[in-house]
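First residue of the sequence shown: 1, per my numbering; consecutive thereafter.
Keep in mind that a hint or two might mislead.
As the list claims (entries may be wrong) - Simulated restraints on C-beta separations:
#	residue 1	residue 2	range
1	Gly83	Gln142	22 to 28 angstroms
2	Gly233	Asp205	22 to 28 angstroms
3	Glu91	Val214	32 to 38 angstroms
These aren't lab readings, by the way, just hints derived from the structure by calculation. For each residue, glycine too, the CB sits at the ideal point set by N, CA and C.
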Amino acid sequence: MTTPHWKSPGGEPLTWRLTDLADVPLTLDSRWPGPELPAGALATATGTGAGVRVCVLDSGVVPDHPQIGRLDGSFAVRTGADGRQVVEPDEIGDTCGHGTACAGIIRSLAPDCELVSLRVLGSGLSGTGEALLAGLRWAVEQRFDVINMSLSTTKRDFVLRLHQLADSAYFAGSLLVASAHNLRVESFPWRFSSVVSVGSHDLPDPLHLLYNPVPPVEFFARGVEVPVAWLEGGSRRCTGNSFATPHVAGLCARILGNHPGLTPFQVKSLLHLTSANVRRAP
């Protein structure tokens, strides 16, 4: 019998969100040899993300939304005259509200970060793999500190190029924070080890971060009934891994604001060590 794609080769269940872990002990012992780091220490620090450049790769962002404020740039991927994908300044804003929601969450956690919108999705969250690749390539070339990707593709034709871009970002110092698919399907780039992959929990605290002891998703953040910014200056509540992801991106911006120059590996390590369910082993 064929093993379902949401099982590991050994048959263990893989997790997409916290609710998958009903029978798994969640509290973990860390063998970290360094000094004690209180749970949530970095998440609750006074950092505001000042000096940290964050790119929201999504459906665009409503300009001057009261919950977001001024954007430091707004761009879009378009098809040029020669048929190639190009990045140009964008004056449309958001096509469906999704990017605005993600940007508002990041701004709420890292109010002083530099926030840039890059639109790669159209209305109805439609988009192409080529637009996604062009947008991510541009963001990596611009050397953003944090790139929020509350999106993914299931098309394996794009996996190799996406993987190369994710690794390029990792070694260049750009932290990719990527949303796991809401369904139990393999999609990318969140499945790559060079990104910070995020699923959702249903706790109300936006600073409550959990490390996942059962891969492939690495971290869980608030993603159920999240109050978010929306179109026309409005707001609503949304649920999904898409909205857990900018919580982690915002925490990464806070960490980098407090500790400039950390590599993606170091930020990911600190996220693990300060997750609420990780304690130092006696």
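>> Range first: 22 to 28 angstroms. Now tell me if the beta carbons of Gly83 and Gln142 are that far apart.
In response: holds (23 angstroms)
> Is the gap between the beta carbons of Gly233 and Asp205 within 22 to 28 angstroms?
Replying inline: holds (26 angstroms)
>> Looking only at beta-carbon atoms, does the pair Glu91, Val214 fall within the given range of 32 to 38 angstroms?
In response: violated (45 angstroms)
Checked against the numbered hints listed earlier, the structure breaks hint 3 alone; every other hint is satisfied.
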